[in-house]
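My request is simple: use the sequences and hints to build the entire structure.
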Amino acid sequence: MAAPSAALVSSVPDAYGRFGRYGGRYVPETLSAALDQLEHAYAEAQADPAFHAELDGLLSAFVGRPTPLLFAKRLTEHAGGAQIYFKREDLSHTGAHKINNTLGQALLAIRMGKRRIIAETGAGQHGVATATACARFGLECVVYMGAEDVRRQAPNVRNMRFMGAEVRPVESGSRTLRDAINEAMRDWMGSVETTHYIIGSVVGPHPFPRIVRDFQSVIGRETVEQCRRQLGRLPDAVVACVGGGSNAAGMFYPFVDHHDVRLVGVEAGGRSGQAGDHAASLSYGSPGILHGSLSYVLQDQDGQTADVHSVSAGLDYPGVGPEHSYWRDLGRVEYTSVTDGAALDAFDLVARREGVLPALETSHALAWAAREAAARPPSEIIVVCLSGRGDKDAAEIARLRGLAADGSGVRA
Amino acid sequence: MTTTAPATGIARIEAMFAAHRAAGRKALAPFVTAGDPDLDTTVAVLAALARSGAGLCELGVPYSDPIADGPVIQASYTRALGKGLTLAGVFDAARRATAAGAMPILAMASYSLIFRRGIDRFVADALAAGLAGFVVPDLPLEESDDLDAACRAAGLALVRLVTPTTPPDRAAAIARKSTGFLYCVSVAGVTGARTDLPAGLVDRVRWLKTQTDVPILVGFGISSPEQVRAVAAVADGAIVGSALVKLLAESATTPRDALLAEVGRFVADLAAACG
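Residue numbers (the working numbering), protein chains in the order written: chain C, 199 to 610; chain Z, 42 to 316.
Worth flagging that the hints you see were computed from the coordinates, not collected in a lab.
Virtual Cβ for every residue (Gly too), placed ideally from N, Cα, C.
In silico lysine to aspartate or glutamate, EDC-like type, Cα no more than 16 angstroms apart, as pairs:
(1) Z:Lys287 <-> Z:Asp79
(2) Z:Lys124 <-> Z:Asp79
(3) Z:Lys124 <-> C:Asp498
(4) Z:Lys124 <-> Z:Asp81
(5) Z:Lys218 <-> Z:Asp189
(6) Z:Lys124 <-> C:Asp500
Residues from chain C that keep clear of chain Z, each with C-beta distances beyond 12 angstroms, as calculated:
(7) Asn357
(8) Val422
(9) His456
(10) Ser470
(11) Ser481
(12) His507
A short, non-exhaustive set of chain Z residues, derived as facing chain C with CB atoms under 7 angstroms:
(13) Leu128
(14) Ser153
(15) Thr204
Here it is, written out as structure tokens:
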């Protein structure tokens, strides 16, 4: 076996935004200049101590970082095997990891002199995090959201509007995250000279996948440090849910060169493994180009994007970030999937045994962790990226379970 | 003077522009979506375009996630795909259309579709269908080497796009690479009819003409004879897309002969403005 140190897994992307063969920049010419501008602004910001000082200050006082690493004692007892820890991104301001990226990108927008922000959102967490950053900095904010997601994530829609954002429901296509990205891109085509597009995941054309990964990597950096300090060693396994893959990329990236740590990404298995019933691009897809980059895509023989399904709006996406495709092909990260039903069961389990309402997205990772822990010895440690809290999902879960809105009917 | 049709797609496009120049005319280049409302109608519409004075045609290949297109073309793609349109069907329709007439037809296709089929196979299919080349709206210069090489080997045009946001040195590099013609996008934005031509367009086209020998066509937002006349005064032709797609969509229930007559009148008015 070749020495892994010869080329670090982490030394991507290259100057063309390539993660191995994946990534790149497949966009209309109208956007090329703005992507070049963003690339230069990001390079300058990275080299500027004042940028890091401002972002770190916000992450501390505004977001509440570092987020804790919590021993999930009663979930561990229930599983009866390996120890389970939660990296508590749900305790971040706005309730999910998304704010790590939106603050960083909002600062970049200001450096570029752009005062109008657009964003897409699926579950609404990225929309809320973008609206929050815009309110904080006094930027105009327009959020595109699939009409189906507007329905199932109503609390987040309301919160975005409270913070002054305009939410534009998208009625085209499947009326979910993929269509919201299409509409945001179209807005950007006509507004690119005055507007910055804060993309919410590690997807899209170069340099977005790299920038979002870098801003989210604070999750993994803190986790490495907390594991060393609290546990005296790195964990045996780290698991995160994967839709576009931003919480997973941010969690995994600081671990990818630690080859003794097992990394597991959990996709949305939906109702079944049949086409159209799930949103597991890395498990069932093939290399293709969607939203500006080459990555695994759920598509038909001609390259038309497939319809997808997940109970979780944030995972309901037919593509995935190009770095995940790179990690998949390298074999550095294992990708698997968890069904709607198993995710809902994990939501119940963690709510009752840990006093934490996890997001439905996160519940996919929790389902895998609880099952895997049962099969591993108590000496082993599994860290779950608890990417977001589940308040936004509570009404939809009650609806799916046939419960009253006040939760009456839940078994005691 | 030979009566044999020139062999390659690029040569056929060049011959079309040469004939227009000789007649003191500019070229009208309409866009139609393949398969909207159905492929048989598309083939008939392409013939009507040629009869009505179009110089070449862009055949839009429906794609599920077209980020460069506005609501009119996007909706036409959705309708066509909703009826089960396949790439094989598009190539078959293109073959029927090119067999019936000499007007060069270029495929407007997302690189997502080309990549999925494989560049070599996609180019071979286009060649076999008699297409003259491609416009690939989501393939920037930096990612285009492989398709460029395949098109050059096949003699097919790979039409490049420059936009108002393209810096001059980059526009010059794109213009040098473009084959068949250069597509000058009039506005920063998606496709769709607009009432006015943007300020600065005339100067931009004049400058582009100093950077390349290939003809320059202006597109995005052009729908009326007045706009075509203004564009034809400076460029080598005009591309009209959404307005024709909209006309076809609004006439979905019109009997085919009446529809073709209406399309013919619409295009003939635009072509008359190219004189």
